[in-house]
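K.L.:
Sequence:
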Amino acid sequence: MTDAIVEYRGISKYFAGIRALENVDFACKPGTVHAILGENGAGKSTLIKIMSGVLQPDSGEMRLEGKPVAFATPQAANEAGIVCMFQELSLVPDLSVADNISISSPPRRFGLIDRRAQVRRAEELLARVRCEDVDPNAMVRELSLSRRQMVEIAKALGKSPKVLILDEATSALTARDVGTVYDLLAELKDSGVASLFISHRMHEVEALCDTLSVFRNGQHIETFAKGAKSEREIVQLMIGRDVEAQFPPKPKPVAPEDLGDPLLKVRGLSWQNRLNGIDLTVHRGEIVGLGGLDGQGQKELLLALFGVLRDVEGEVVIGGKKGIPSSPAAAKTATTKVALVPEDRKTEGLMLGMPIADNLLASSFQRISRGPFIDPALSRQAIEDGISRLQIKAGSASDPVMTLSGGNQQKVVIAKWLMIDPDIVLLNDPTRGIDVGTKQEIYRLMRDLANQGKAILFYSSDYAELIGCCDRVSVLYSGRIVAEKQGDDITEESLVAASLNIDVEAA
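With the working numbering applied, the sequence shown corresponds to residues 82 to 588, in that order.
Calculated directly from the structure, the hints in this document are not laboratory data.
Nothing here was measured: the structure is a model prediction, and the numbers come from that model.
Mixed in with the good hints there might be a few duds.
As the list claims (entries may be wrong) - Cβ pair distances, simulated, as ranges:
| id | residue 1 | residue 2 | range |
| --- | --- | --- | --- |
| 1 | Asp271 | Arg461 | 53 to 61 Å |
| 2 | Leu176 | Lys402 | 38 to 46 Å |
| 3 | Lys427 | Asp214 | 18 to 26 Å |
| 4 | Phe446 | Ile194 | 42 to 50 Å |
| 5 | Ile583 | Met220 | 36 to 44 Å |
| 6 | Arg144 | Asp216 | 37 to 45 Å |
| 7 | Arg348 | Ile194 | 52 to 60 Å |
| 8 | Pro188 | Asp466 | 33 to 41 Å |
| 9 | Thr572 | Glu314 | 23 to 31 Å |
| 10 | Ala256 | Lys427 | 41 to 49 Å |
| 11 | Ser408 | Glu268 | 40 to 48 Å |
As the list claims (entries may be wrong) - Computed list of lysine-lysine pairs in DSSO-like fashion (alpha-carbon distance at most 27 Å, straight line):
| id | residue 1 | residue 2 |
| --- | --- | --- |
| 12 | Lys270 | Lys331 |
| 13 | Lys346 | Lys566 |
| 14 | Lys243 | Lys346 |
| 15 | Lys307 | Lys402 |
| 16 | Lys130 | Lys243 |
| 17 | Lys418 | Lys331 |
| 18 | Lys566 | Lys380 |
Glycine included, each C-beta is placed from N, C-alpha and C at the ideal position.
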């Protein structure tokens, strides 16, 4: 392609003999938004790591603006105009926002870093991404995940990219920030920048992208224009088989009086100004969803029930026993065990540099111990069971968990908590940033757990998941439950209206 800004010719990459990319031809044009689609492990991450100088190919050639290039480092790729935002944020938590934005090339005066110029630059870039509320002098660790993601975007824009690679850049964002990213990509497109957009959210791909490329098992399957294929056809290309029903069937609704006593009962739960009198019940065998716009108290509710927050007020009854868990350790070792799959698997759910085995066992040492010592036979069996139950694709349980794809990392987090055999499972957006095939596996697992008598409280930022998975949905607004939907009343219209605290019927 003579008009391509980036072009691959016969690119291959192997790790320990395992194919990551094989003989890939690929190209993208300037002034376009190009989607890269595929399941976790399809080769997407390897593709962009080669493009951005993190990895070097075993064979093949890459061209930039028609000229052969090879980047030994990410810095070399940045200097050539290729800037990548990886799913794992590159920000340093204990540095300020301004320090992070200019970390690779701070403004200098008389050979020293010009702090005032650095802050001014940060203010300009934050304004560009509509984050004027972020203090350039604030420590990154003090920011929410959504704000950190926007700082990462500001940092990338500060490098004046010719090619901007966004790896799940919207997966942690609020609805408002997603709209900002849409606007920014449109501006970059108009200025001739090529944007490579990796996302598992098909509605975002449909809204943003001009061209779509599908990868599977390390190979480039097909590239086509937006609208040329249906969503079902795209998913079939991604997984290499016909698409099963996305969500498992729900059981028939049960009358409240026939459900018995709830396994989890919450009354008047409040915390600071984020939770304001939450009333909620979850029975055995139920999947109860938490809906609403992001940031309305859903995450704080899950953290409170898992014993993470302090000074929580109100009443919580778990398995007939009153008392708000005082800590995560207390929550998971109680008579009625509670497990939480957290929002950010990278920072809250996993020890990335440690082996898969250690991550799997991290919450269940009591189960595999004999007195003060770990029983090797029990631990080996527990690891094998966890990997088998979640069908975790791994070379060896001794490999660092960071070597797994995002979907398999999430499976490790879930498997870790299932090892304590919890009665109540709290899920905080568990399918964020993972592929369609793994999502379906998690949906089936949720329903299987409910059928086994577990109580599941499930927050999702995706309305389709709430509709497809949940028996009931409680919608939060400003830290309160403003609506509860059940059965056929769980529709996108009703959830959106309740999320905005609008009474559609009255209107």
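K.L.:
Okay, Ala256 versus Lys427 on CB: inside 41 to 49 Å?
P.N.:
violated, 22 Å
K.L.:
Do the beta carbons of Leu176 and Lys402 sit within 38 to 46 Å of each other?
P.N.:
Roughly 44 Å apart at Cβ, these two residues keep to the hinted range, so it holds.
K.L.:
Cβ-Cβ distance between Ser408 and Glu268: within 40 to 48 Å?
P.N.:
Because 47 Å falls inside the window, the suggested range holds.
K.L.:
Quick one: are Lys427 and Asp214 within 18 to 26 Å, going by C-beta?
P.N.:
holds, 24 Å
K.L.:
Between Lys566 and Lys380, does the CA-CA distance stay at or below 27 Å?
P.N.:
The given pair, whose Cα atoms are some 19 Å apart, holds under the 27 Å limit.
K.L.:
Measuring from beta carbon to beta carbon, are Phe446 and Ile194 in 42 to 50 Å?
P.N.:
Cβ of Phe446 to Cβ of Ile194: about 46 Å, so the range 42 to 50 Å holds.
K.L.:
Given the hint of 36 to 44 Å, is the C-beta distance from Ile583 to Met220 inside that range or not?
P.N.:
About 38 Å separates the Cβ atoms of Ile583 and Met220, which means 36 to 44 Å holds.
K.L.:
Please check whether Arg144 and Asp216 have a Cβ separation lying inside 37 to 45 Å.
P.N.:
holds, 42 Å
K.L.:
Can you confirm whether the C-alpha distance between Lys270 and Lys331 stays at or below 27 Å?
P.N.:
violated, 43 Å
K.L.:
Is Lys307 within 27 Å of Lys402, Cα to Cα?
P.N.:
Answer violated: Lys307 to Lys402 is near 55 Å, above 27 Å.
K.L.:
Would you say the C-beta atoms of Pro188 and Asp466 sit inside 33 to 41 Å of each other?
P.N.:
violated, 55 Å
K.L.:
What's the verdict on Lys346 and Lys566, does the C-alpha distance respect the 27 Å limit or exceed it?
P.N.:
Distance of about 18 Å is within 27 Å: holds.
The structure shown violates the earlier hints numbered 8, 10, 12, 14 and 15.
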